[in-house]
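As a plain string of letters, each chain reads:
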Amino acid sequence: MKRYNIFIVGVGGQGLLTLGRIFGNAAIEAGHNVTVAEVHGLAQRGGTLNVQVRIGPGEAPTIPHGATDLFIALEALEAIRYSSYIGEHTRVVVNKFIWPPPLSKYPDLEQISLKLREKGVKPYFVDANEISRKASGTVISANIAILGFSYAVDEGLRNLLEYRHLEKSLQKVFSGKVFEINKVIRRLGYEEGRKAREKTD
Amino acid sequence: MGNEAIARGAIEAGICFASAYPGTPSTEIVEALADVAGKVGIHVEWSTNEKVAFEAAYASAIAGVKSLTAMKHVGVNVAADILMSSAYSGVNAGFVLVSADDPGQHSSQNEQDNRWYGLLAHIPVVEPSSPLDAYKLIKEAFKLSEKYMHPVIFRSTTRISHTRQSIELELDPFVERKCVGEFERNIERWVLVPAHGRKQKQRMMSIWRQIREEEGSPPFITVINPGMKKAIVASGIAYAYVDEVLDTINKKNEYTVVKVNLSVPLPLKPIKEVIEEAEKLVVVEELDPVVEMQIRSLAQEHGIAVRVHGKDLVPVNGELSLEIVYEVLARFEGREIAKPWKSIGRIKTNPEVPPRPPVMCAGCPHRSTFYILKVSANKAGLKNPIFTGDIGCYTLGYQKPFETQMTSFEMGGGVGIAYGLSKVVKEPVIGIVGDSTFYHACIPQSINIIYNMGKALVVVLDNYYTAMTGHQPHPGSGMLATGEKAPRIPAERILEAIGFKTYVINPMNIEESIEKVTNAYIEFKKGKPVAIVSRLKCALQVLRYARRSGIVLPAYGIEENKCTACMACINLLACPAIVVPSSSKKPEILEDICVGCGLCAYVCPFDAIVLKREGSPGWIKAWL
Numbered sequence: 003m004k005r006y007n008i009f010i011v012g013v014g015g016q017g018l019l020t021l022g023r024i025f026g027n028a029a030i031e032a033g034h035n036v037t038v039a040e041v042h043g044l045a046q047r048g049g050t051l052n053v054q055v056r057i058g059p060g061e062a063p064t065i066p067h068g069a070t071d072l073f074i075a076l077e078a079l080e081a082i083r084y085s086s087y088i089g090e091h092t093r094v095v096v097n098k099f100i101w102p103p104p105l106s107k108y109p110d111l112e113q114i115s116l117k118l119r120e121k122g123v124k125p126y127f128v129d130a131n132e133i134s135r136k137a138s139g140t141v142i143s144a145n146i147a148i149l150g151f152s153y154a155v156d157e158g159l160r161n162l163l164e165y166r167h168l169e170k171s172l173q174k175v176f177s178g179k180v181f182e183i184n185k186v187i188r189r190l191g192y193e194e195g196r197k198a199r200e201k202t203d
Numbered sequence: 005m006g007n008e009a010i011a012r013g014a015i016e017a018g019i020c021f022a023s024a025y026p027g028t029p030s031t032e033i034v035e036a037l038a039d040v041a042g043k044v045g046i047h048v049e050w051s052t053n054e055k056v057a058f059e060a061a062y063a064s065a066i067a068g069v070k071s072l073t074a075m076k077h078v079g080v081n082v083a084a085d086i087l088m089s090s091a092y093s094g095v096n097a098g099f100v101l102v103s104a105d106d107p108g109q110h111s112s113q114n115e116q117d118n119r120w121y122g123l124l125a126h127i128p129v130v131e132p133s134s135p136l137d138a139y140k141l142i143k144e145a146f147k148l149s150e151k152y153m154h155p156v157i158f159r160s161t162t163r164i165s166h167t168r169q170s171i172e173l174e175l176d177p178f179v180e181r182k183c184v185g186e187f188e189r190n191i192e193r194w195v196l197v198p199a200h201g202r203k204q205k206q207r208m209m210s211i212w213r214q215i216r217e218e219e220g221s222p223p224f225i226t227v228i229n230p231g232m233k234k235a236i237v238a239s240g241i242a243y244a245y246v247d248e249v250l251d252t253i254n255k256k257n258e259y260t261v262v263k264v265n266l267s268v269p270l271p272l273k274p275i276k277e278v279i280e281e282a283e284k285l286v287v288v289e290e291l292d293p294v295v296e297m298q299i300r301s302l303a304q305e306h307g308i309a310v311r312v313h314g315k316d317l318v319p320v321n322g323e324l325s326l327e328i329v330y331e332v333l334a335r336f337e338g339r340e341i342a343k344p345w346k347s348i349g350r351i352k353t354n355p356e357v358p359p360r361p362p363v364m365c366a367g368c369p370h371r372s373t374f375y376i377l378k379v380s381a382n383k384a385g386l387k388n389p390i391f392t393g394d395i396g397c398y399t400l401g402y403q404k405p406f407e408t409q410m411t412s413f414e415m416g417g418g419v420g421i422a423y424g425l426s427k428v429v430k431e432p433v434i435g436i437v438g439d440s441t442f443y444h445a446c447i448p449q450s451i452n453i454i455y456n457m458g459k460a461l462v463v464v465l466d467n468y469y470t471a472m473t474g475h476q477p478h479p480g481s482g483m484l485a486t487g488e489k490a491p492r493i494p495a496e497r498i499l500e501a502i503g504f505k506t507y508v509i510n511p512m513n514i515e516e517s518i519e520k521v522t523n524a525y526i527e528f529k530k531g532k533p534v535a536i537v538s539r540l541k542c543a544l545q546v547l548r549y550a551r552r553s554g555i556v557l558p559a560y561g562i563e564e565n566k567c568t569a570c571m572a573c574i575n576l577l578a579c580p581a582i583v584v585p586s587s588s589k590k591p592e593i594l595e596d597i598c599v600g601c602g603l604c605a606y607v608c609p610f611d612a613i614v615l616k617r618e619g620s621p622g623w624i625k626a627w628l
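First to last, the protein sequences are chains A and B.
Counting in the working numbering, the first sequence runs from 3 upward without gaps.
Counting in the working numbering, the second sequence runs from 5 upward without gaps.
Because the hints were derived from the structure by calculation, they are not lab data.
A portion of the hints provided could be inaccurate.
Residues on chain A that point at chain B, a partial pick, calculated with CB under 8 angstroms [said to hold, decoys possible]:
| # | residue |
| --- | --- |
| 1 | Pro63 |
| 2 | Pro66 |
| 3 | Pro104 |
| 4 | Lys117 |
| 5 | Thr140 |
Stretch-level coverage of chain A by chain B, calculated; a stretch enters the list once three of its residues show a Cβ under 8 angstroms from a Cβ in chain B [to be verified]:
| # | region |
| --- | --- |
| 6 | 21 to 29 |
| 7 | 50 to 62 |
| 8 | 79 to 91 |
| 9 | 106 to 116 |
For clarity, every value in this text was computed on a predicted model and none was experimentally measured.
Just so you know, even glycine gets a beta-carbon here, dropped at the ideal spot from N, CA and C.
Go ahead and model the full structure; you've got the sequences and the hints to work with.
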């Protein structure tokens with residue numbers, strides 16, 4: 003079996019490590035081998051960040067450029083920064099959120115979408131911050147919203163993991179009230195994703 | 005996570021003592037051990053620095069209690085003195101130093117290859133190829149250490165330590181734990197005066213030769229598909245890449261692959277057999293040619309005419325990757341091998357995506373302190389101060405607009421370099437270091453300032469934790485690694501005792517702090533020894549605490565009609581909570597990010613920044 007590669011990008015503090023762990027635990031629940039490569043330390047402090055999840059047999063922790071199956075950007079500028087990891091067949095999900103570094107000029111969402119399309123990518127955009135805010139009052143669970151959304155739009159992921167594996171995994175990472183809220187947020191993200199998928203089908 | 009796998013393996017191996025100083029990518033080893041210390045009944049600690057950690061764990065092992073010490077690669081430099089001696093005297097129980105190296109410099113000042121320490125000190129180096137390997141091999145490392153009663157270096161790297169993997173625990177019974185030691189009164193062994201040291205070296209060299217002769221079988225050296233004309237020797241994590249590339253191009257049957265997990269000293273027998281059979285060979289290893297050099301020497305020693313490739317094909321900088329190993333193989337074969345991956349390439353936008361270096365968090369007390377230190381310098385007429393720096397989140401002060409970290413070499417340099425400069429330059433010198441760094445390596449330097457009458461001012465940024473590595477407690481925190489209460493050793497008491505007049509400020513009280521620091525500078529200008537301790541909790545911990553206990557922190561907002569878009573807030577503070585949306589010319593504060601430190605409201609010349617969200621009563625206590 004070829005390894006299934008999930009490349010997650012964003013800004014330190016957006017919950018990328020948690021998202022990577024959730025995928026990792028879900029893969030274990032589903033009985034797959036998995037590696038999740040994280041970066042810690044200074045990179046957490048509002049810097050650019052990536053987490054690489056590889057499901058299937060093998061132990062090399064990092065993903066080659068272009069070999070990504072599912073590309074998740076929790077921040078839209080980061081989608082462009084890491085675009086060389088996207089391949090012709092990569093599913094791309096981008097949070098409708100730009101967090102510009104102080105005093106910088108940057109492209110807007112429209113241009114980001116356009117440039118991706120020029121390369122033959124059909125990106126999905128989702129307002130994961132808004133989904134999180136609606137359900138919990140803060141943007142802190144945008145990572146879980148985008149998880150639900152990605153699961154709905156990416157067939158490859160659905161073939162590997164069942165919904166209950168994700169749920170079990172959430173339960174390992176969160177507990178009590180936080181778990182309950184995140185369950186709701188993941189469901190809302192999933193519903194958004196299902197609608198987006200139907201639109202493109 | 006690889007680090008948790010190492011911790012788990014060490015517990016199974018029967019350690020009863022673990023000590024470390026935090027440092028990326030090593031930190032989670034002792035963090036994981038500290039979490040279960042009470043339950044398992046072992047001693048786990050954050051020591052003051054790596055030398056102290058090494059000494060503590062080594063002492064445990066000479067008294068017969070199995071122990072582990074862990075540090076990042078550059079931390080081993082701090083412990084190098086005792087490391088060298090430990091190989092001369094050996095141990096009376098398993099003793100493993102975990103060195104977590106950082107190829108690619110994800111979070112370090114260099115990417116030194118610590119396998120050299122093995123060659124330098126005559127200590128074997130065990131190097132896992134994956135987190136799963138780390139779990140299994142740490143146990144083998146302890147066995148190796150006990151077999152020869154010799155220290156062992158266990159070398160991990162970022163991609164092992166910080167990679168998570170599904171690991172099935174082995175069903176071996178746990179090794180019985182011995183927690184009470186006995187000191188062997190053996191002066192010839194433990195007192196390394198020259199006469200004893202010479203004898204001990206003979207013992208050490210005989211162990212060294214024995215390991216080279218005898219440890220050539222799995223799990224340390226694994227020869228896969230022997231007898232081929234082409235061989236690949238892959239050390240540590242390189243094996244994971246080589247294995248996956250060969251699998252992808254379906255060429256496993258064409259090569260003999262040697263998986264090396266004991267890279268120093270490289271066992272002779274299996275390697276000799278492989279190079280006798282092979283016509284050509286490539287050594288794939290990250291960073292320096294440690295294995296390659298040993299193979300070249302072996303081939304030369306035995307007159308074996310194999311063609312050895314290594315660093316002529318494999319980069320000496322940075323991490324390996326599947327793509328690099330792919331290219332190495334193609335060049336080794338002298339032909340193109342089509343890659344199975346095709347990237348869409350880099351996307352160019354206009355304007356381009358701006359760089360995003362790590363920044364000080366919203367509400368970070370270091371931002372306020374840096375601001376206060378600079379404004380006060382103007383007030384006190386302290387001209388062109390030189391700010392030396394150290395290792396921590398505050399190193400980010402090197403960036404604009406602060407530039408209050410003009411050097412950063414190693415732990416302790418903040419004060420040591422400040423002292424040396426103060427003896428030779430005309431400008432005033434201010435040495436700025438973090439709290440954990442102060443305890444770690446700045447106390448001898450502070451003493452040196454007073455003793456040798458240097459003219460440097462010392463600033464300690466006390467945010468209660470070793471923040472950059474994930475908020476481990478330190479001697480100023482009042483807490484142990486395990487969470488229990490501990491005596492607090494405030495930095496100002498040490499500085500006062502050494503002879504500094506010490507000013508303690510709370511950088512959230514901006515006006516009061518500016519006054520205090522200005523006074524401190526004036527004293528300093530008169531030639532008096534002065535130190536400043538700036539104390540306020542790390543904003544990340546405050547935020548976490550507030551979230552957990554349902555405390556609402558205040559947040560600020562910008563009144564559009566008062567804001568003149570002068571950009572003072574942005575230009576002076578570079579706070580990630582203040583942004584200028586592309587649709588507007590005026591700055592805005594992201595309410596989700598703001599934690600209400602109030603510094604921007606203080607600096608705004610037009611009073612346009614006002615409280616937008618009230619904090620719960622008593623919110624200020626979360627910071628203190």
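How the hints compare with the structure:
Restraint check, Pro63(A) versus chain B: the minimum CB separation of about 4 angstroms is within 8 angstroms; hint holds. Using the Cβ-Cβ criterion of 8 angstroms, the hint placing Pro66(A) at the interface with chain B is satisfied: the shortest such distance is roughly 5 angstroms. A cut of 8 angstroms between beta carbons decides the hint on Pro104(A): the least distance to chain B is about 5 angstroms, and the hint holds. Hint status for Lys117(A): holds, given a least beta-carbon distance of 5 angstroms to chain B, under 8 angstroms.
With a least beta-carbon distance of about 6 angstroms to chain B, the hint placing Thr140(A) at the interface is held under the 8 angstroms criterion. Coverage of the region 21 to 29 of chain A by chain B holds. Counting CB-CB distances below 8 angstroms, 4 residues qualify, and the rule asks for three or more. Counting residues of the region 50 to 62 of chain A whose CB falls under 8 angstroms from any CB of chain B gives 4; the rule of at least 3 is met. Only residues whose beta carbon comes within less than 8 angstroms of a beta carbon in chain B count, and the region 79 to 91 of chain A has 10; three or more means the coverage holds.
Here the region 106 to 116 of chain A counts 7 residues with a CB under 8 angstroms from a CB of chain B, which clears the bar of 3, and the coverage holds.
Comparing the model with each numbered hint stated earlier shows that all of them hold.
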